[in-house]
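Taking the hints into account, I'd like the entire structure generated from these sequences.
Each protein sequence line maps, in turn, to chains X and B.
Residue numbering for the first sequence follows numbering that gives the first Met the number 0, beginning at 0 and increasing consecutively.
Residue numbering for the second sequence follows numbering that gives the first Met the number 0, beginning at 0 and increasing consecutively.
There's no promise every hint is true.
[Stated by the list, open to error] Per the computed footprint, the stretches of chain X lying under chain B, defined by three or more beta-carbons under 8 Å from a beta-carbon of chain B, are:
{"no.": "1", "stretch": "43-51"}
{"no.": "2", "stretch": "112-119"}
{"no.": "3", "stretch": "123-131"}
{"no.": "4", "stretch": "135-148"}
{"no.": "5", "stretch": "168-179"}
[Unchecked claim] Here are some of the chain B residues that sit facing chain X, going by a computed Cβ distance under 8 Å:
{"no.": "6", "residue": "Q329"}
{"no.": "7", "residue": "R367"}
{"no.": "8", "residue": "L442"}
[As the list claims (entries may be wrong)] Over 12 Å on every C-beta distance to chain X, these chain B residues come out as not near it, computed from the model:
{"no.": "9", "residue": "E4"}
{"no.": "10", "residue": "N142"}
{"no.": "11", "residue": "A158"}
{"no.": "12", "residue": "A327"}
Simulated from the structure, these hints should not be mistaken for laboratory data.
Beta carbons are placed, not taken as given, at the ideal position from N, Cα and C, and that holds for glycine.
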Amino acid sequence: MSALPLPVALADVLARGDVWRGDTLASLPEAAISSGHTELDAELPGGGWPCGCLTELLVDRSSIGEMSLLLPALGRLSGEGGWLALVAPPWVPHAPAWIAAGVALERLVIVRAGQDVAWSTEQLLACGGFSGVLAWPGEGVSAKALRRLQVAAEGRPTLACLWRPAQVADAPSPAPLRLALSADDSRLSVRVLKRRGRPPSRTVHLPFFASIPRPGRENRVVAGPTLSLVADRGLAATPVA
Amino acid sequence: MADAEAMAAGIVPGQKLSTALGLLPGLATFERDTAREQQALESLACWAGRFTPTVSLAPPNELLLEIGGCLRLFGGIQAIVSAVAAGCAEQAYTPGWAVAPTALAARWLARQGSGALCADLTSLHAALSALPCSAPAWAVEVNGRLESFGVRQLGALRAMPAAGLRRRLGNEPVDDLARAWGEIPDPQLAFVFPERFALNLELPSRVEQAEALLFAGQRLFATLAGWLSARQLRVRRCTLRLTHDDGEASDLSLGFAEPASEEGRFLRLLREHLGRLVLRAPVEAVGLLADEVTESQGHSAHLFDQAPEGEGTLACLERLRARLGTEAVQVLLPVADHRPECASSAQDVASAGTKTPTRPASPASHVRPLWLLPAPQALSEQAGRPYWHGPLRLLSRPERLESGWWDEGEQGAAGDVRRDYFVARNPQGQWAWIFRDAGGWFLHGLFA
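Below you can see the structure in the form of structure tokens.
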């Protein structure tokens, strides 16, 4: 038996996906999907939304444009023939808008999971047949369930996103990437809470895009309701002689 | 026939029942049912269809598998033998087995429970020579004669002149010896796999918990998988028929998103179904019927081991459907209707794949929100403005969506509408799609 350690070059160690230097972002062993926004990609390890690990998106109030962050990536995945799944979405998806985003509806599965959100998400991640799984686990998801989800997502070619409320920002989570989203008048702010590699420094501000109608060119901001009350139904139904 | 525990207590076949009960007071005795034995043998033959297409029955209790042609597929004799043995153990059969180049020799060796693996004739002859003369189970008088000759082993019998043996014992034993030694051919009647699959299994005791049916189900589905493999079929829908102790039967229908033939997939789906099932009454027997079968599409295996991990999309959805219910796992299809609540319809995943998606009715230039509320939510009005977590600022011109007289008055239909839609935003930065009609302001959708 030789007492000498095996000669391992430092460069080989640093090239591993799970080892990174303190001043750079980690490179991921799995592929990353570009978010469609250069400024955001620069802040994400691997240069985009990571596949094969859990991503947590923390939103305090929904409908501030949070889906528009993911829509370009989802549209691309769907366009390549991948399956997408929405687990326990809080509202009903509106088909025309999803088509406009480039999502193939016949491969977008909506799972109304009830009490079994964590279980369903885990099954969808573990089966390996989905390119993207978005889940809304609500408040009651346990740390154990999150860990199981991260294990299920590990190494799979799946974009796995969990939508969680902003209150859990301080609670520990096994997800390797956590982002907090907020909005002000003209832009969406993305704050990286946790990522592999160099600690997050600044907040990324993104203009609203994709699914959000921008006031300005085609939409004029109007001061107030400019609508005259809709005519009485009975009157309108009377045929004009 | 006695099991290991009874044997240890000294019970042997041929004993009187009173003697046996005296030896072991707690002995449970069952009458032999040859019809059920035959049925069990046939179901085992179906199951064995996964290993080889050439299966022969040798009633009452022997099964012959011709494995010479599929050794390469399974990777050698040892591999196929252990696969068969493991499969039998899963179904709680404990067979005596042997592998030999001739069918008769294999049966004789298996009766001794030797587990002999004779790959060629030389080793076969050595193994056969050591067998006692009782192994072939010839007629009683033949055995008596052999006893009086002082011949105990087949090797010694074989060494005797055949012409003399024929005169003294008849033709059958001598011909059998020649067949076993591989000197004259011994064609077997192949088992014909049934045209339709229907198998019934009586449970040894009444079952009150649905989960406890899983074991019986495993046996049924193992047989189904063997039958499918032998007939080159796949099953799309099958029915598990539970016969209750009051004589009534209830059916559990199992549908697959795509035609399947894999036992593991059947069992995963069955486990989910049984987890949800509440038994109406204790179950006495379980039957399995293959309702819809399709031809198997042959496909090439990968040259290298590059199969994706996991079970795949449709198999996973199938299990989700089994646990959450069919209507909980759906896809949307666009509908050509201008009313937002009618613009999408939920569809079954399997049926959606076959239809070509239609284009949405509304032109792309009109903004549409990603999410709709299940029903429009009435908003209050303050200082002439709609109010939702703060006063809403209207950001677009009104878009009039109107009419729908054709389904007015129908149950659950949107009916005739006359609405002006606006994109609006509140001070928290939330984007909403609201409308105003004769009833006031309503929140209908959310941009996200």
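* Asked: Does A158 of chain B really sit off the interface, with its C-beta more than 12 Å from all C-beta atoms of chain X?
  -> Non-interface label on A158 of chain B holds, nearest chain X Cβ at 60 Å vs cutoff 12 Å.
* To do: With chain X as the partner, please determine if R367 of chain B meets the hint condition of a C-beta pair closer than 8 Å.
  => holds, 4 Å
* Checking the smallest CB distance to chain X, is E4 of chain B really beyond 12 Å? -> holds, 42 Å
* Exclusion check [N142 of chain B not at the chain X interface, CB over 12 Å] -> holds, 60 Å
* **Status of the Q329 of chain B interface restraint (C-beta, 8 Å, chain X)** => Holds, about 6 Å.
* Hold the hint about L442 of chain B up to the distance rule: shortest CB distance to chain X must be less than 8 Å. => violated, 10 Å
* **Coverage assertion for the stretch 43-51 of chain X with respect to chain B, Cβ distance below 8 Å, three residues required** => With 0 residues in contact (Cβ-Cβ under 8 Å with chain B), the coverage given for the stretch 43-51 of chain X is violated.
* Please confirm whether A327 of chain B is truly not at the interface, meaning its C-beta sits more than 12 Å away from all C-beta atoms of chain X. => violated, 4 Å
* To do: Between the stretch 135-148 of chain X and chain B, see if three or more residues pass the 8 Å beta-carbon test, and mark the coverage as holds or violated.
  => violated (count 0)
* Report holds or violated for chain B covering the stretch 168-179 of chain X, Cβ cut-off 8 Å, minimum 3 residues. => It is violated: at least three residues are needed, and the stretch 168-179 of chain X offers just 0 whose Cβ sits closer than 8 Å to chain B.
* Asked: Taking 8 Å as the C-beta cutoff, is the stated coverage of the stretch 112-119 of chain X by chain B satisfied by three or more residues?
  -> Satisfied; 5 residues make the cut.
* Asked: How about the stretch 123-131 of chain X: do at least three of its residues have a C-beta closer than 8 Å to a C-beta of chain B?
  -> holds (count 6)
Of the numbered hints listed earlier, those contradicted by the structure are 1, 4, 5, 8 and 12.
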